[in-house]
Structures are given as C-alpha cells and as structure tokens.
Amino acid sequence: EAEVAQSPRYKITEKSQAVAFWCDPISGHATLYWYRQILGQGPELLVQFQDESVVDDSQLPKDRFSAERLKGVDSTLKIQPAELGDSAMYLCASSLGPQEITGELFFGEGSRLTVL
Amino acid sequence: GENVEQHPSTLSVQEGDSAVIKCTYSDSASNYFPWYKQELGKGPQLIIDIRSNVGEKKDQRIAVTLNKTAKHFSLHITETQPEDSAVYFCAAFTGGGRRALTFGSGTRLQVQP
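In order, the protein sequence lines correspond to chains A and B. Numbers 1 to 116, taken from the working numbering, label the letters of the first sequence in order. Numbers 1 to 113, taken from the working numbering, label the letters of the second sequence in order.
Just so you know, these hints were derived from the structure itself, not from any lab. It is possible that part of the hints are untrue.
[As the list claims (entries may be wrong)] Incomplete in silico selection of chain A near chain B, CB under 8 Å:
(1) Gln41
(2) Gly42
(3) Pro43
(4) Leu45
(5) Gln48
(6) Glu104
(7) Leu105
(8) Glu109
Glycine residues also receive a C-beta, built at the ideal position from the N, C-alpha and C atoms.
Using the sequences plus the hints, can you model the full thing?
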C-alpha cells in the first residue's frame with residue numbers, strides 16, 4: 001500500500017540550531033501539504049504545494065521557516081533558527097487533486113521535533 | 001477564514017456503547033467534511049467523509065451527519081470497541097482562496113473494556 005514517507009521520525013535539537021524534515025508523497029499526488037500539530041491540538045496548515053509551486057504559505061513563519069518542492073515530487077521543510085515554541089509534530093500529507101481536495105488526504109507518520 | 005470547533009475534548013464510554021462527537025464550522029462555503037482518526041505516534045487517517053450535498057453517510061459502525069443550515073456535523077460510532085480508542089479530528093474544506101483542510105482541536109475517545 002502506498003504511503004507518505006517522512007524522515008526523521010524524531011529530532012531533538014537545541015534552540016538556534018537548524019533542522020530539516022523530508023517528505024516523499026504518494027506517487028502521482030500533485031498536491032503536498034505540511035501541517036504542524038502541537039500536542040493536544042489539531043493539525044494547522046503551514047504550506048501547500050501544487051506540483052512545484054506554493055499555493056498557500058500564509059501561515060508559514062517565513063522569518064525562520066522555508067519549504068521547497070523543487071521537482072514537484074519530494075519536499076523539504078526547514079527551520080532556522082529553531083525556537084522552543086517550534087516543538088511539535090510536523091506532518092506531511094498529499095492528495096491527488098490539483099487545486100482542490102477530490103478525496104482522501106493521506107498523512108505520513110510525522111516528524112516529532114523537540115527543541116531544548 | 002474557516003474556523004472549526006469540536007466537542008467534547010475527551011470522551012469516555014463503555015465498550016458496546018455509542019459515542020458522538022460534534023463539530024461546528026463558520027464558513028458557509030465549506031463543502032467537504034472529513035473525519036480523521038489518529039492513533040498514538042501515527043499520522044491522522046481518514047475514517048469517513050461527507051460532502052455538502054449529502055445529509056448523512058454510514059459505513060458499518062460509523063456514521064456522519066451534516067446540517068448545513070446550522071453549520072454543524074457529527075460523528076457517530078456505535079457498538080464501540082477498545083480499538084476505537086484514539087484521537088478523532090473533524091475538518092472542513094472550503095474551495096475558495098484557501099484550498100486546504102481546517103481541523104478541529106480533536107476528541108480523545110477512550111473505550112473502557
């Protein structure tokens with residue numbers, strides 16, 4: 001069964017350090033999302049890609065966060081410098097439909113970040 | 001933008017009882033309402049969804065109802081089992097400027113054997 005792959009599963013870092021997360025969506029899925037989930041809360045959208053283009057990054061803290069999907073396949077989310085408040089689960093998800101959810105959103109298992 | 005509120009935050013039921021989780025949304029243009037189940041240490045997984053042209057949908061022990069006028073939708077789980085214990089999230093999708101799901105804050109369901 002096709003899955004969304006994410007790495008690393010766990011990352012512990014000190015504040016002010018740089019950290020990066022990688023996501024490989026299900027093959028053929030044009031739309032890729034990065035969500036942040038703080039413990040005890042629902043996922044919140046950080047950035048949405050359609051192929052290699054960003055279609056929504058309005059909630060991405062651009063002073064420290066960046067995201068790219070250069071070839072329209074896998075994606076990297078970077079934080080530099082990390083702050084204590086960035087401790088959360090970073091979830092990647094993908095879906096088939098361009099510009100609209102046509103069905104199921106598939107999530108990866110997430111990357112849990114702890115900033116000390 | 002869309003705002004989704006979910007209640008209750010925690011729910012404990014006895015095995016075999018029913019569980020109901022309720023959500024309200026703010027944007028009348030929202031047209032797709034999925035429910036996700038998240039087990040410990042895993043990403044959310046879709047369990048059922050409903051579109052705005054349907055009032056109710058059922059899949060075995062799980063059903064979802066939608067009231068567009070009141071802007072609320074609910075998840076119903078019947079004959080609960082211990083493996084139903086997880087965190088459940090409702091979500092709403094608006095096909096306007098922001099084409100992504102907005103999630104509720106989650107309900108932790110505990111099914112007592």
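Hint check results:
1. Gln41: Interface hint status for Gln41/A: holds (6 Å vs cutoff 8 Å).
2. Gly42: Check passed: Cβ of Gly42/A comes within 3 Å of chain B, closer than 8 Å.
3. Pro43: Holds: closest Cβ of chain B sits about 5 Å from Pro43/A, inside 8 Å.
4. Leu45: holds (5 Å)
5. Gln48: This hint holds: Gln48/A lies near chain B, its Cβ roughly 5 Å from the closest one there, short of 8 Å.
6. Glu104: holds (5 Å)
7. Leu105: holds (6 Å)
8. Glu109: holds (5 Å)
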